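Participant: The lines below spell out each chain.
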Amino acid sequence: MRRTLPITFALTLLAGALAACQGGGNETSTAAFDPATCQGGTLPVLNQSGITHLDPARLYTSGGGNIPSLLFRTLTTRNRQAGEAGAKPAPDLATDLGTPSDGAKTWTYKLRSDIFFEDGSPITAGDVKYGIERSFAPELPGGAPYLRDWLTGAADYQGPYKQPEGITSIETPDDKTIIFKLSKPEGDFPYLATATQFAPVPKAKDKGADYEKHPVSSGPYMVESYEPKKTLNLVRNPHWSRTSDTLRYACPDRIEVTAGLDSAVINQRLQAGAGADANATTTDANVGPEQLAQLGNGGPLDKQVARGEFPSTTYLAFNTSKKPFDDERVRQALSYAINRTSVVNALGGSAVAGPSTTFLPPQKALGYTPYDYFPAGDAGNAAKAKELLAAAGQSNLSIELSHGNDDSEGIGPKVAAAVQDAFKQAGVTVTLNAIETATYRDVIGKPATQPALALSTWGADWPSGGPFLIPIFDGRQIITAGGNFNLAQYNDPAVNSEIDAINALTDPAAAQARWGALDAKLGKLALVIPLTHEKDVNLFGRNVKNAVPDGWRGQYDLSRVSVK
Amino acid sequence: MTLLRRLFDDRAFATGAVIAGIMILIAVFAPLLTKLAGQDPTTFHNELLDSARGGVPIGRFGGISGEHWLGVEPGTGRDLFARVVYGARVSLGVALSALALQLLIGVGVGVAAGLGGRYADAALSRLTDLTLAFPSLVLAIALLAIVPQNWPRPLLLAVVIALLQWGGTARITRGETLSLKTRDYVAAAQVSGAGPWRVARREILPGLAAPVLTYAALVLPSNMITEAGLSFLGVGVRPPTPSWGQMLSSATTWFRADPMYVFLPGGLLFLTLLAFMLVANGVRRVIDPRQSEVLR
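If you read the sequences in order, they're chains A and B.
Going left to right, the first sequence walks through residues 85 to 648 as our numbering numbers them.
Going left to right, the second sequence walks through residues 585 to 880 as our numbering numbers them.
Since the hints were derived computationally from the structure, they do not count as laboratory data.
Model, not experiment: these values are computed from the prediction.
Quick reminder that beta carbons are idealized off the backbone N, C-alpha and C, glycines included.
Careful: at least some of the hints might be erroneous.
[To be verified] Non-contacting residues of chain B with respect to chain A, defined by C-beta distances greater than 12 Å in every case (computed):
#, residue
1, L587
2, L588
3, M607
4, V612
5, G677
6, A717
7, R755
8, D768
9, Q774
10, R782
11, R786
12, L797
13, I871
[Claimed, not checked] One-sided excerpt, in silico: chain A residues whose CB lies under 7 Å from chain B:
#, residue
14, G372
15, A430
16, N517
[Stated by the list, open to error] To list a few chain B residues with every Cβ distance to chain A over 10 Å, as calculated:
#, residue
17, D593
18, T618
19, L685
20, Y703
21, L708
22, S709
23, P719
24, L721
25, L747
26, G759
27, V770
28, A800
29, S806
30, G851
31, L855
Build the full structure now, drawing on both the sequences and the hints.
Facilitator: Below, the structure is given as structure tokens:
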């Protein structure tokens, strides 16, 4: 199973997107906002990157993405509320979140009757099934890997172009019913069904790799023009109706996405708000120091900011199969020595990052359970670290730390230098090994080339403990061919079976408690040193209303903002 | 003595020389100076940063204080005086070592081409042209990216810069050698039985000193720019070793929030380059009056 992308995706989000107050504080004035009368105007979206692909099979999103979600409705979707309420799925094309049976190994969905493509033809269960089958085609790479792992007999499916007979474990007994048969219990299925792979694709309109030039819309907007990596113009889809979709307000008449801008430029334009920029938004530019200096003092910029939190952790990954990190005392010593304040500052200060002593980020939906087994305090506990190193016979320890060669993904030279300085206080000499960011994941994700100590990040594919803990700590997920995320090389059958047991739970509250307990249990082993969790601060133009960060993605939702 | 006097009569040269001299002294005595300031270039000072504001230094002008003479670096709190002073070491050290190597290769190739036969001249001259034609910055980035991390970085930078930019020296040397070769005293040495090696060493090299020295004074600042450029692009010296180019690179996101952080490395780089340019111009004017007309 290739899992190269979850992180990349999370980072993309982080880099630009999220704003976050835990608990969903909304600092914008929404008094004047009324979804009933919000229609009209043009919404510019100023982005650094993104819109590389527009094929729902190729997108890797959390909760269906921000821009993609304007075009594609999915079986379920994130429910677009602020705070904790936002970390839940809601029905979209389906009438409910799905009915589990056979111990959560079978999931049955009924489709709504008032759903149409942009050409007016009704959306059927077969269209949803076809959309999923396309995502298995090697011609359309890039999507999340979960379906291949979960669906019975789908591991070797090559997509509908090579195997038109389709996936037998997805059944469509009639036009409005779709049934998924899984090889193992997966209580999180309704969360996964928010991904764009669950968007309907009409077989007659499928042009393979060229489909993304004009994907057929099922959402409130459709593509007017699209130039990959540069521009995407969206206009209203006449066959979408508000009565069939209460989550997307779809206020602007027109949405114009521009990509390829520098984040500093985006933030300056949003702040200055000249001309059309007063209506502008961004989904991937986090604020920089220039704006942070003007925030929080009651100035005008305070009304143009959304603070959210995308569940994501930056951490130091030990390879416990390599010396000296096979010795638990060494790992503990370094856990004591770490200076999280330096790391927070290296990432841009306390507005955009917070210190983490747990691997799970501090969202209740993920099962966050506080613990701090190796208290390092604000500045690191060098004395305790030295003591442990002496006990391990490693008083003059010299180690190498691998990191990305640029800071764009938050695992670059700045963070590495902060770690280096902290370890130096404990008498540990750290040499830095910069690996090109583009190939970083490939190098550390292949056990043959994996360094002994590496900076890494992990973001949530959906707000649950499973997609956060399983790839990192499930011993059956150690992939020797590459794309491995179990960097600790940790394989404990007891942990693996606990993971299976939690996966079978369909009650999120019960699962949360178990994931939290599992994280706390793993934390004692010091397999990783959690460093920080992400916070996200996004600006928007001064005319933009209802820019409320949702609890799933931490950024404001384009389907709910208004510029009227 | 008269030469020096003539040089220092030129006010521009004098200013440049004094500044350049100070910079070199700073670089040489960097450890002493930072010890004097009671700081070192790599220790983090989180208590001096306003973390909520993105990590800008607390206090005016980038946190200038009695302890931190030039303030601290935003995001880390490392002492800027210490970093700037150590940065001078990298900047000048790399530029000077690269220059030495460049002269060695350039003069060697140039003299060999000038004195060698037709074929040797053709081969070496084409090789020189080839080096000059290469987009050296791009090549340097590629070279530095593939070299193993544990190689000593400053030395590597010097070697790469030298290997890519010896062409100018070689070309000037060859031209001079060709013109010197026709002088009577060289011909005299040759007919009296001196081999090419002796001719090169005894007759040609002394004559090359003036033009090569002049050219070297121009190449030095260009080396500094290359080093700063490579460090700016992230393929220069490795953190935590400070370098001006690297500081400039990380300062780009801070130029409004903490202007001091941009002005320090930028201003110093500018000042040092200007100083060396003034020196180069002065040297050229005095040693090589023929060319000063052309270049003025």
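Participant: Please flag the earlier hints that this structure goes against, numbers listed from lowest up.
Facilitator: none
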